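Novice: Next come the chains, spelled out residue by residue.
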Amino acid sequence: MGDRNLSPAVGIAVGAAAIVLAWWLGGRWRWVLPLGVVAVGVVAALVLRVPIAPAPARMASSGLGTLAASRMAVGVLLGGLGAMTLELLVGGDTGPGSAAVALGLLAAVPAGMALLTTGMVPLALSVGLLLAMIWVRWQRVAGPQLPIRSLARQGVLVLASLLAAAALMPSARLGSAPTVLEAILLAGGVTGLLGVLPFSAWVGAAIRVGRSEASPWRIWAIPVGVLVGARLVATSPPGVALPLQELLLALGVASALFWGLRAVLGPSATRYSRVLAADSGLVCAAVGLGSAEGLTAALLLILAHWLGGAVLGEESGTRSQLLAWIGLSGIPPFGGFAGRILIVIAAAPVSFTLVWLLLLGMGLQLAAAASGMRSTLSSTSSTGSWRRELIGLVAAAAILVLGLVPGQALQAVMGLHP
Amino acid sequence: MSPASALAAAGFIAAAVALLAVGPTGMWISALALGLGLGGVAALAGGAPSFLVLGSVGASAALLVAAGSRVPGLSAGRWLLGNSPVVGRERVFDIRSLRLLLGLGGLLAARLLSGHLGAGTVSTQGPAFACLFAWEVGAIRVGTGRGPADLAVGALCAGMGSAAFLLLSSSGTAVGPALLAAGLPALALVLLARSAPWETGT
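If you read the sequences in order, they're chains H and S. Oh and the first sequence: position 370 is 369 in numbering that gives the first Met the number 0, straight run, nothing missing. Oh and the second sequence: position 19 is 18 in numbering that gives the first Met the number 0, straight run, nothing missing.
Since the hints were derived computationally from the structure, they do not count as laboratory data. From a predicted model like this one, the values you see are computed outputs, not experimental measurements. Treat each hint with caution, since some may be false.
Chain H stretches covered by chain S per the calculated footprint, using a threshold of three residues with CB under 8 angstroms from any CB of chain S [said to hold, decoys possible]:
id	region
1	60-68
2	123-136
3	141-148
4	198-208
5	223-229
Residues from chain S shown here face chain H by an in silico Cβ test under 8 angstroms; the list is partial [to be verified]:
id	residue
6	Ile12
7	Val16
8	Ala20
9	Pro23
10	Ala75
11	Trp134
If you want the ones that stay clear, here's a sample from chain S, every Cβ over 10 angstroms from chain H, calculated [unchecked claim]:
id	residue
12	Ala3
13	Thr24
14	Ala66
15	Arg90
16	Leu97
17	Leu99
18	Arg110
Glycine included, C-beta positions come from ideal geometry on N, C-alpha and C.
Between the sequences and the hints, there should be enough to build the whole structure, so can you do that?
Specialist: Written out as structure tokens, the structure reads:
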């Protein structure tokens, strides 16, 4: 696959055509189209030039590493760009503004670097850049409110944790550094990227910037966090991996319970962000399980939120939104159920208490989704266009397909069988 | 005092300067002190090339931050973050006193941890102590930061501390990662050093 090079002439021609088309179309497309072409071009160049290879046995800490694309990383990159397109199509004129879409597209570049690099320091810096881009945009939108400041602090602490973990890694492999310290630093980086407790500042910030502005977190930060976390668990020496898994499990379950409860008790305008935070806790716990089932469950939940989040990011009161709430609620046979039940199956051999705690978290999310459905039914019908509603319905119905054929869906998008 | 102890002490002093420096002048002083101090620590394993990596990053950042007051294009805070209202806030402790108190706790933690760390073949208790303390100063500055510039200094402390420890561990192969780990936070500091703070100290 390494010999499939993108011709520069083709790239320049496509870019020039996009710019001409963008100026002709005017409005938001003037910015979105060229940036979209740039983002897709960079991702395509990365994907086509970097050979698809198995994940590295170890992350390089004392060198810069190389770029290695796994099929899952490519799936997340292309799926993220698809989710951004869906956001744009469902949102229409009331959806994300051109700057928000531009951020969503440009964020693909640091996200791609984080997914493809095998060097620990480049990974830390890519993740830091991704969080910095989101923070800068949100600060411009909402001003320096307390949650936005907390998000900035969260981003720097994630960067600092991963850099320190990179510095300690050579010593930890020799057994001459406290391996628990290394695990704590890695867990700090992963939980900060996933946005689980104690790094949940993004929830308050996302509520303040509005639903469509908040989409880059759902589309990029959480999926990148899952893949980075899974890679760190798989490539760390056992002395580091075990405490890292335990930390991810504990913080993930605590986060699922806390945000599940907040989603049930909170107002309807903030419900989806809190459900997403609770699911973020579940995927963190799934990564902490360290098994193939856990990773599969996390990826299923990511796919469900890519589809449902675009619909739930819009004004309340549409049929598509009702269907999206059902899809994410955990009711069989929708995608939300498939992801959650797989986490329970993966947790069953670990601990009976863990299974009960996970079931409690899922029950809270079901209750929150039920509240979401009730709010949707009681609110006035949307005045949006029928085309957007139709796209929304197709996206929400795709969550049902995801639940009915999870294996085929994951194979198609991520190259992974459950 | 052996040269190794002197260099480790210089690293610790650099971190202490970064802990207590405030205001626009404090930004470039912190960058310069961190570059020179932790560059000296890194030189214990890698010699002059390691010193040059961190020293040049710190000195360049200091120069650009200091020049930022005269060359408006160097500071991108307003362009990146927009106009932000500055809020006054009553504090029980002055910001420097608060950092000093937290720094004393950090000093104890760094002292306890550094004895358990090993970096390649270097005897690390002193040098690792300086690197750990610089990292902790970064965390303190992030936690108590009153604006984007403080966060950038915090990131620079963490980046420099990590880069110095990497150079101690594997000086031969870690030049690239160390340059990146220190360089990108330094770039962020140059861009954000003149950004409006979120709040004032009074």
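Novice: Each hint needs a verdict: does it hold in this structure or not?
Specialist: Hints, one by one, checked against the model:
Coverage of the region 60-68 of chain H by chain S holds. Counting CB-CB distances below 8 angstroms, 4 residues qualify, and the rule asks for three or more. Counting residues of the region 123-136 of chain H whose C-beta lies closer than 8 angstroms to any C-beta of chain S gives 6; at least three are required, and the coverage claim holds. With a cut-off of 8 angstroms between beta carbons, the region 141-148 of chain H has 3 residues touching chain S; three or more are needed, and the interface restraint holds. Chain S is given as covering the region 198-208 of chain H, and this is violated because 0 residues of the stretch bring a CB closer than 8 angstroms to a CB of that chain, at least three being needed.
Figure legend: the region 223-229 of chain H, annotated as covered by chain S; annotation inconsistent (0 residues with Cβ-Cβ distances under 8 angstroms, at least 3 required). At its closest, the beta carbon of Ile12(S) sits 21 angstroms from a beta carbon of chain H; the interface hint therefore is violated under the 8 angstroms criterion. Because the beta carbon of Val16(S) sits about 19 angstroms from the nearest beta carbon in chain H, more than 8 angstroms, this interface hint is broken. The interface hint given for Ala20(S) is broken, as the beta carbon of that residue sits about 18 angstroms from the closest beta carbon of chain H, more than 8 angstroms.
Annotation: Pro23(S) was flagged as interfacial toward chain H, and the flag is violated, the nearest CB pair being 18 angstroms apart, outside 8 angstroms. The beta carbon of Ala75(S) comes no nearer than 10 angstroms to any beta carbon in chain H, farther than 8 angstroms, and the hint placing it at the interface is violated. Hint status for Trp134(S) relative to chain H: holds, with the closest Cβ pair at about 6 angstroms, below 8 angstroms. Against the 10 angstroms criterion, Ala3(S) stays outside the reach of chain H, whose nearest CB is about 18 angstroms from its own CB.
The Cβ of Thr24(S) lies farther than 10 angstroms from every Cβ of chain H, with a closest approach of about 22 angstroms, so its non-interface assignment holds. Residue placement check: Ala66(S) keeps its beta carbon more than 10 angstroms from all beta carbons of chain H (closest about 23 angstroms). With a least CB separation of 16 angstroms from chain H, Arg90(S) remains clear of the 10 angstroms interface cut-off, as annotated. The beta carbon of Leu97(S) sits about 15 angstroms from the closest Cβ of chain H, which is more than 10 angstroms, so the claim that it is off the interface holds.
No Cβ of chain H approaches the Cβ of Leu99(S) within 10 angstroms, the least distance being about 20 angstroms, so the stated non-interface status holds. Non-interface status of Arg110(S) relative to chain H is upheld: no Cβ of that chain comes within 10 angstroms, the nearest being about 14 angstroms off.
Consistency note: the structure conflicts with the earlier hints numbered 4, 5, 6, 7, 8, 9, 10.
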